[in-house]
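Q: What follows is each chain in one-letter form.
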Amino acid sequence: MKIQLTKLAHARSGDKGDTANVGLIALRDEFYSLLVREVTAARVKEHFRGICQGDVERFELPNLGALNFLLHESLGGGGTLSLMTDAQGKTFSTALLRMHIEVADDEASKFGLTEQD
Amino acid sequence: MYEMGDPVEYITPDCIADFTSIQLAQDGKDRVRASGVRGRPATDFYKVSVSFLAGYKAVGMLIYSWPDAYAKAQAADKILRARLDRLGLHFDQVLTEFVGVNSTHGALAGNPPADLAEVQLRVGVRGNDRAAVERFTKEIAPLILTGPPGVTGFAGGRPKVEEIVAYWPALIPKNEINATVEILEVL
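Chains as they are written, first to last, in my numbering: chain R, 1 to 117; chain L, 1 to 187.
Fair warning: there could be bad hints in the mix.
To be verified - Beta-carbon label-pair distances, calculated as ranges:
1) L:ILE183 with R:GLU46: 54 to 62 Å
2) R:ARG49 with L:ALA25: 20 to 28 Å
3) R:LYS110 with L:GLY156: 49 to 57 Å
4) R:ASP55 with L:GLU134: 34 to 42 Å
5) R:HIS10 with L:ARG33: 30 to 38 Å
6) R:SER109 with L:LYS47: 23 to 31 Å
7) R:GLY112 with L:LYS78: 20 to 28 Å
8) R:ASP105 with L:ARG40: 44 to 52 Å
9) R:GLU46 with L:ASP6: 17 to 25 Å
10) R:GLU30 with L:GLY153: 42 to 50 Å
11) L:ARG33 with R:THR6: 27 to 35 Å
12) L:GLN26 with R:ASP55: 32 to 40 Å
What the hints assert, rightly or not - Residues of chain R clear of chain L, computed beta-carbon distances all greater than 12 Å:
13) LYS2
14) ASP15
15) ASP106
16) GLU115
Unchecked claim - Straight-line alpha carbon distances no greater than 20 Å define the calculated SDA-like cross-link-like pairs of lysine to any residue that follow:
17) R:LYS16 with L:LYS138
18) L:LYS138 with L:LEU116
19) R:LYS90 with L:GLY106
20) R:LYS45 with L:THR104
21) R:LYS45 with L:SER103
22) R:LYS2 with R:VAL36
Hints are computed from structural coordinates only; laboratory data are not their basis.
Here the structure is a predicted model, which is why all the values come from computation and not from measurement.
Ideal placement from N, C-alpha and C gives every residue a C-beta, glycine not left out.
Full structure from sequences and hints, please.
A: Encoded structure:
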């Protein structure tokens, strides 16, 4: 079934020049492996199509149950050059939480997740 | 956890921190123990924050109300862009956002409801020609008088032209720098 990331993770984001940095943190330890499996750099690049013009890099922090993404060429030049309302990419965090990922039914019931979640 | 780049190589002035080595544990109510943090010595470089002039920009904003708020704001954007074209103005970038619809999540937010109460049209331009950016700022008021109705939010007057001070982070070898500290006393 499809589960939206907002039910599985917390996110924070910010800028480094024209690169948006999005941290995705599992709400429960057992969700981390789902995030690692489903929220790949390629999925994130596809999710932010039309927004992220460059590559997406992913880093894993299993000790914190977190993934860190770098979305290059995403902020209209970045900093003072950018014309965007969100030139610092602060809302890329919540934009990522819109993503739906595939979770097997038995896996979902083990975690107490339902489709409406 | 953000604005860190590669968590294994988080460069600080004192050391390179490895965030994958941090261990967190609950240590009582409202108390977290952080331990086991590893890292490596600092790099051979200082970071230099360089600023430079990079042209001009201005942002114009208008708010359109129900009914058809979004359609009216879109029409106003079309009129404004056609006007800028006819004036022969060239910019490095023209960006249109609809605050209340797509200024944070872009197309991910989907289409707004048909009865959207209000939306802010926000158009920004950037370029090296100050006169062109200045001219753009004079094209917002005509939209109020001759464009789609039910529009407000212009009480602040004509948008201001801003000089862009851009930022260039660079590295310089530490051995090129002789640091001295001078303490001045102000009486």
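Q: If a hint holds in the structure, say so; if it does not, say that too.
A: Now the hints, each set against the structure:
1. Range check, ILE183 (chain L) to GLU46 (chain R): about 56 Å between beta-carbon atoms, so the 54 to 62 Å window is met.
2. Restraint check, ARG49 (chain R) to ALA25 (chain L): a C-beta distance of roughly 40 Å breaks the suggested window 20 to 28 Å.
3. Judged by the Cβ atoms, the range 49 to 57 Å given for LYS110 (chain R) and GLY156 (chain L) holds: they are separated by roughly 55 Å.
4. Separation of ASP55 (chain R) from GLU134 (chain L) is about 37 Å and conforms to the stated range, judged on CB atoms against 34 to 42 Å.
5. Hint check: HIS10 (chain R) to ARG33 (chain L), Cβ distance near 20 Å, so the stated range 30 to 38 Å is violated.
6. Checked against the hint of 23 to 31 Å, the C-beta distance between SER109 (chain R) and LYS47 (chain L) comes to roughly 50 Å, which is inconsistent with it.
7. Against the hinted window of 20 to 28 Å, the Cβ-Cβ separation of GLY112 (chain R) and LYS78 (chain L) comes to about 49 Å, which falls outside the hint.
8. The beta-carbon spacing between ASP105 (chain R) and ARG40 (chain L), approximately 45 Å, falls within the hinted interval of 44 to 52 Å.
9. A beta carbon spacing of about 22 Å between GLU46 (chain R) and ASP6 (chain L) agrees with the range 17 to 25 Å that was offered as a hint.
10. For GLU30 (chain R) and GLY153 (chain L), the hinted distance range of 42 to 50 Å is satisfied, since their beta carbons lie about 48 Å from each other.
11. Between ARG33 (chain L) and THR6 (chain R) the C-beta distance comes to about 29 Å, which sits within the given range of 27 to 35 Å.
12. Distance hint check for GLN26 (chain L) and ASP55 (chain R): the Cβ-Cβ separation is about 37 Å, which falls inside the suggested range of 32 to 40 Å.
13. The non-interface label for LYS2 (chain R) is consistent with chain L: the shortest C-beta to C-beta separation is roughly 16 Å, beyond 12 Å.
14. The claim that ASP15 (chain R) lies off the interface is violated: its Cβ sits roughly 7 Å from the closest Cβ of chain L, which falls inside the 12 Å cut-off.
15. With a closest Cβ-Cβ approach of about 30 Å to chain L, ASP106 (chain R) is found to remain outside the 12 Å limit, as its non-interface label requires.
16. Taking the minimum C-beta to C-beta distance to chain L, about 20 Å, the non-interface status of GLU115 (chain R) holds against the 12 Å cut.
17. The hinted pair formed by LYS16 (chain R) and LYS138 (chain L) fails the criterion: a straight-line CA distance of about 34 Å is larger than 20 Å.
18. The suggested pairing of LYS138 (chain L) with LEU116 (chain L) is violated, with an alpha-carbon distance near 28 Å, which exceeds 20 Å.
19. Taking the CA atoms of LYS90 (chain R) and GLY106 (chain L), the gap is near 13 Å; set against the 20 Å cutoff, the hint holds.
20. About 17 Å separates the Cα atoms of LYS45 (chain R) and THR104 (chain L), which keeps this hinted pair within 20 Å; it holds.
21. Between the alpha carbons of LYS45 (chain R) and SER103 (chain L) the distance comes to roughly 19 Å, so the proposed pair stays at or under 20 Å and holds.
22. About 16 Å separates the Cα atoms of LYS2 (chain R) and VAL36 (chain R), which keeps this hinted pair within 20 Å; it holds.
Comparing the model with each earlier hint shows violations of hints 2, 5, 6, 7, 14, 17 and 18; every other hint is respected.
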